[in-house]
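Here the protein sequences come in this chain order: A and B.
Oh and the first sequence: position 216 is 216 in the working numbering, straight run, nothing missing.
Take any residue in the second sequence, note its place counting from 1, add 1000, and you have its number in the working numbering.
Calculated directly from the structure, the hints in this document are not laboratory data.
Cβ coordinates follow ideal geometry from the N, Cα and C atoms, glycine included.
The reader is advised that the hints may include incorrect statements.
Derived, one-sided and incomplete: chain B residues facing chain A with beta-carbon distance under 10 Å [to be verified]:
id, residue
1, 1020
2, 1101
3, 1160
4, 1182
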Amino acid sequence: MPRLEEIFARAKTQRRAAFIAYVMAGDPDPETTLLILDVLNAAGTDLIELGVPYGDPLADGPIIASAAHRALANGTRLHHVFELVRRHGAGNGAPIILFSYFNPIFRYGIERFTRESAEAGASGLIVPDLALEETAELRASAGVHDLQMPLLVAPSTRPDRAARIAGAAGGFVYVVSRLGVTGASGAPNVEQVHRQVATMRELTTKPLAVGFGLSRPEDVGAVAAFADGVIVGSALIDAYRGQTGVACARSVGAFVEPLISATAWERSVWHS
Amino acid sequence: MKPDTRGYFGEFGGRFVPEVLIAALEELDAAVNEAFADPGFWREYNVILRDYVGRPSPLYRCERFAADSAATLLMKREDTNHTGAHKINNAVGQALLARRMGKTRLIAETGAGQHGVAVATVGAKFGLPVDVYMGAVDVERQSLNVFVMQLLGAQVHPVSSGSQTLKDAVNEAFRVWCERVEDSFYVLGSVVGAHPYPYLVRELQKVIGIEARRQCMERFGRLPSDVVACVGGGSNAIGLFAGFIDDQRVQLWGVEAGGEGVATGHSAASLGAGSVGVLHGSRSYVLQDDEGQVREAHSISAGLDYPGVGPEHAFLKGSGRATYVDVTDAEALEAFNQFARSEGIIPALESAHAIAFARELATHRGPDDLILVSLSGRGEKDLAQVRCRG
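Chain A extracted, bound-state conformation (with noise of 0.2 Å):
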């Protein structure tokens, strides 16, 4: 598995940002997100946050909430989840972050879920409940297993914090990009984000992917000018919602292409 500094790395040399897609382990179905995560991978994907579902998710709009709700309503379970890593890594994809809340993590046991997400293929763990002062056991364990942790920065974090913050982080720093949920609708304020941006690159040398309510080729054409990546998650899962199978995936190519289009520098006033 490549490091994630590396993905980064590649998509700067090819002068654009990564971009990174979040999807809902087992939403619609376990078989269609296997479907989902191949599509992802064939139009360039770089990374893949797979959510594992969690039926209390604090940070998360309705979109998400409600694909964590589909998937445990079809009995989707943590070793559907490392299957699905399992079957993925089995085709040389793009890198796969699993993203879960603290609970399922703790009540599986940490040394058992870092492990199991390790040997399943996965290259990284974000947990958006976990904030800095309650990571040290959970990094420790991932550490042992060769999983990274990128961690979170929010509008709202001071910057001494946020220095500690990305100090800690694995791979890159999650730079959350407005106060909320995910699935915020309306367009971000960019001046804002390049400002946090901005502060971020003055505090660390890792990578810096903006998330939380990109959801436009123009949005995601105008933080990719600044950042080192970028997250659609909420506008990506609302645009195969409804579906299954292959006319999910094909929804699913569609909506990403002009995404990914969207991450190249040259498109960008700030590269010109």
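Given the structure of chain A, go ahead and fit chain B onto it with the hints provided.
Okay, now just chain B, sitting in the frame of chain A:
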């Protein structure tokens, strides 16, 4: 005891929230420490409790209920508070904090509606707009309280995600707080959530235990042998326990909702039937499956119908300082009826759990023993449901 700097009572507590809320929790923590060290804060709080809430609440000696037992049953009458339950003690204190911090809007979750009504009440009193998040199922079940909140000027937002009950209302209130963290104060209703909430809410409910201890000493010249309170999230219990925590001879009993019986899997007994997990920002006991998915709680009492419990209760269970038991729906209902008929007081169904256990406990105690029970709220809100059950 104070939790440690990371918000832990032993191994329970902490701060498990999205990064976006950390700054707000740190700001709140600083404001709490500053306010608690300021006699002016407590002066204002106490004046409001006296003139507006109606404190001190009475300590009532039962005359006919459990009269066949030798021990004396004492009721700490939180039902006599303005808005009818202990919830107002906390709402007053947090509204004072919100004003002190310059926040211009209150948000709150509610299950049965008691906490929502308390927050709507202080919102009206302080002139602060209030948004209450309430599971869609609860909105349906507790339509009278929805009307009361609206009458008081609050906006009630039905939450239709997940099980559409209290657990989901808390999720939603946290989400909304993430968005409006700069101008909003989240008035959490129980000793749950991320640090400093379990500590903050305890300190604001401690008045129950402090008054009760003083009243016991004044009236009877001795401490109770036992202190009994119902536990959902656990705020009335922790408030009552706090007055006696250093009196090692006083036994502390927390009564969880056994629902249809803990063995059936249909209960709200997080301490009795749950396991250690993380819910709503802290590590405590949680009703959950083996992969950490939170189960739905079941109780006849909406105020106890919660799959988690405050971290300090988890700590007290572990240390053995408090003992946790459960009472089923049927037992609580029977005590509810019996208590109404023998004392002329209609208790909340939540409180009826504590009353049912205290009656049982009284049969094991002698004539010199005082059993102090938290009558945490009045039961008018439960009449429709009790009528339904026949």
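Hint check:
no., hint, result
1, 1020, "4 Å, holds"
2, 1101, "15 Å, violated"
3, 1160, "9 Å, holds"
4, 1182, "7 Å, holds"
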